[in-house]
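Undergrad: Top line first, the protein sequences correspond to chains W and Y. Counting from 490, one number per residue, gives the positions in the first sequence under this note's numbering. Counting from 54, one number per residue, gives the positions in the second sequence under this note's numbering.
Among these hints, one or two may not hold up.
Going by beta-carbon spacing under 10 Å, a handful of chain Y positions derived as facing chain W [said to hold, decoys possible]:
1. Arg-61
2. Ile-63
3. Ala-72
4. Thr-91
5. Val-245
6. Glu-279
Just so you know, the hints here were simulated from the structure itself, not pulled from any lab data. Cβ atoms here follow ideal geometry from the backbone N, Cα and C, with glycine treated the same way.
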Amino acid sequence: MDSRQIKSAPLVLGIGSFAVILLVWESAVRLGWVNAFFVSQPSAIAASLAHAARDGELWHNVSVSFREFAIGYGLSVVVGILGGALAGRFRIVEYALNPFLWFLYSAPLIAFYPIFVLWFGLGAPTVIAMTFLLSVTQIFATTLSGVQNVNPGLIRAARSFGACERDLMWKVVLPASVPMVIAGLRLGIGRALMGVVVGELFGATAGLGYSISYYGALLKTTDMIASLVVVIVLGVLCTQGLSAVEARFDSWRVGE
Amino acid sequence: MEFMLSNRRIWISTLSVVAFLGVWEIAPRAGLVDRAFTSQPSHVIAAGLEIIRTRTFLNDVYVSLLEFAIGFALSMAIGVPMGLILGRFPMVRYLLDPPIMAIYATPHLALLPIIVVWLGIGMQSKIAVAFVGGVIPILVNTMAGVRGVERSWILAARSFCAGELEVFAKVILPASLPSVILGIRLGLSRAVLGVVVGEMYQSQAGVGNEIMRYGSEFRTDYLLFEVLLVSLFGLAATSAVRTLEEKLWTAGR
Chain W
490 MDSRQIKSAP
500 LVLGIGSFAV
510 ILLVWESAVR
520 LGWVNAFFVS
530 QPSAIAASLA
540 HAARDGELWH
550 NVSVSFREFA
560 IGYGLSVVVG
570 ILGGALAGRF
580 RIVEYALNPF
590 LWFLYSAPLI
600 AFYPIFVLWF
610 GLGAPTVIAM
620 TFLLSVTQIF
630 ATTLSGVQNV
640 NPGLIRAARS
650 FGACERDLMW
660 KVVLPASVPM
670 VIAGLRLGIG
680 RALMGVVVGE
690 LFGATAGLGY
700 SISYYGALLK
710 TTDMIASLVV
720 VIVLGVLCTQ
730 GLSAVEARFD
740 SWRVGE
Chain Y
54 MEFMLSNRRI
64 WISTLSVVAF
74 LGVWEIAPRA
84 GLVDRAFTSQ
94 PSHVIAAGLE
104 IIRTRTFLND
114 VYVSLLEFAI
124 GFALSMAIGV
134 PMGLILGRFP
144 MVRYLLDPPI
154 MAIYATPHLA
164 LLPIIVVWLG
174 IGMQSKIAVA
184 FVGGVIPILV
194 NTMAGVRGVE
204 RSWILAARSF
214 CAGELEVFAK
224 VILPASLPSV
234 ILGIRLGLSR
244 AVLGVVVGEM
254 YQSQAGVGNE
264 IMRYGSEFRT
274 DYLLFEVLLV
284 SLFGLAATSA
294 VRTLEEKLWT
304 AGR
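From just these sequences and the hints, can you work out the full model?
TA: Next up, the structure:
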């Protein structure tokens with residue numbers, strides 16, 4: 490095998506495995522080995538997606554979910570980075586917030602959903618709150634550890650050249666912790682997506698998660714899997730996108 | 054000095070938790086917030102004492118624990134060997150990596166409705182959700198651990214005439230153990246979440262079922278007690294694995 494073949498092997502086999510899955514799935518249903526009621530079939534799902542795209546239902550659901558995601562995740566990025574940076578610089582903030590962070594990190598936050606409904610009502614605000622809470626802990630924790638692990642030599646050097654606390658923050662600490670922060674943003678996206686979809690499963694009137702649970706309740710497997718496919722594709726796109734950003738900022742990593 | 058520092062940490066953390074509980078207790082009493090929305094620590098404790106005495110409580114805990122135990126045991130039993138195989142054989146990895154990564158990027162709880170259609174509203178569907186939640190991080194981290202094993206160790210073992218099986222058992226397995234444990238810790242919290250949310254979605258018993266019931270009756274005190282219970286369980290289990298993890302890391306150094 491020459492080197493070009495080795496390089497293309499993952500791609501070819503990867504695409505091949507998806508093709509095989511789709512083929513086996515489709516033919517198993519056609520040949521009557523499995524019941525289409527339970528597993529649907531790729532061709533029917535594609536038809537359902539095309540139909541949903543044509544009558545605008547797909548765009549509506551995607552835009553509702555995306556708006557909730559953007560607001561909830563955006564808020565958690567701002568709060569998580571600011572809070573994490575503060576807690577990383579000031580021990581007292583870290584110690585004061587730590588117990589709550591631990592609790593939020595290990596608590597099944599989705600179980601708070603009934604309380605959120607009580608506070609914010611059914612619909613977008615509840616979903617946004619859940620998205621925010623799920624991703625903010627991740628971003629906060631990663632930023633905190635990024636700021637704390639900034640090479641102390643760099644800080645001492647800046648101090649000895651007369652940097653004040655604000656200069657230190659903006660010119661040394663934050664740039665040095667960028668790679669960690671971005672790793673946190675990537676992990677946060679996964680949790681934010683979870684927040685949107687699960688929030689909508691339970692307490693929403695529109696969106697992708699809502700349509701999954703709506704069609705699920707009607708036992709319309711094809712339409713349900715179609716929405717699921719959209720969620721999977723969006724999830725992969727978001728994670729891949731952030732991984733690409735992460736790779737770009739990798740050169741910011743400061744050696745020890 | 055070290056002692057002083059950790060002492061200060063405990064003081065500040067305790068103080069902030071006490072302050073939080075104090076505000077939470079006093080604010081409804083002073084009429085600043087509506088008690089129905091926020092409840093109060095004293096009410097949550099009272100609700101907890103009442104819940105523990107109910108006849109169904111032990112059964113709910115038992116059902117949830119059983120679902121978690123079976124689902125998570127399955128995800129370890131399948132995730133670790135699969136991860137070892139995928140890490141060791143590149144061809145298998147190239148073949149299975151894309152679907153696995155797609156599932157990894159998907160919020161696993163989005164699969165709840167379809168799993169309920171397949172397996173019904175009984176325990177099987179929660180076991181399945183816990184399994185799906187747990188298996189992927191375990192698999193992915195095991196795979197990463199195997200791939201990260203120092204090549205020179207494998208070569209050294211080979212040059213001392215170790216067979217493929219021996220290399221696997223005596224070099225690769227021990228060297229990748231820390232990342233296997235890391236995967237288990239990450240999978241654990243996802244499995245706990247899977248059981249609870251699965252029960253919240255559709256079920257007949259279990260802690261999640263109770264959470265949903267109290268939620269729909271807007272009995273905030275009761276709801277909070279159940280949520281606290283699950284959180285403490287998650288926290289305890291994760292801390293236990295973390296302790297194990299730290300021991301292994303220090304042993305490996």
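Undergrad: Minimum Cβ distance from Ala-72 of chain Y to chain W below 10 Å?
TA: 9 Å, holds
Undergrad: Report holds or violated for the interface hint on Thr-91 of chain Y, using the least CB-CB distance to chain W and a cut-off of 10 Å.
TA: 9 Å, holds
Undergrad: Quick check on Ile-63 of chain Y please, does its C-beta sit within 10 Å of some C-beta on chain W?
TA: It holds, given that the least Cβ distance between Ile-63 of chain Y and chain W is near 8 Å, below 10 Å.
Undergrad: Is the interface hint for Arg-61 of chain Y satisfied, with its Cβ closer than 10 Å to some Cβ of chain W?
TA: 7 Å, holds
Undergrad: Given Glu-279 of chain Y as an interface hint, is its Cβ closer than 10 Å to any Cβ of chain W?
TA: 7 Å, holds
Undergrad: Min Cβ distance, Val-245 of chain Y to chain W: is it shorter than 10 Å?
TA: 6 Å, holds
Of the numbered hints stated above, none is contradicted by the structure.
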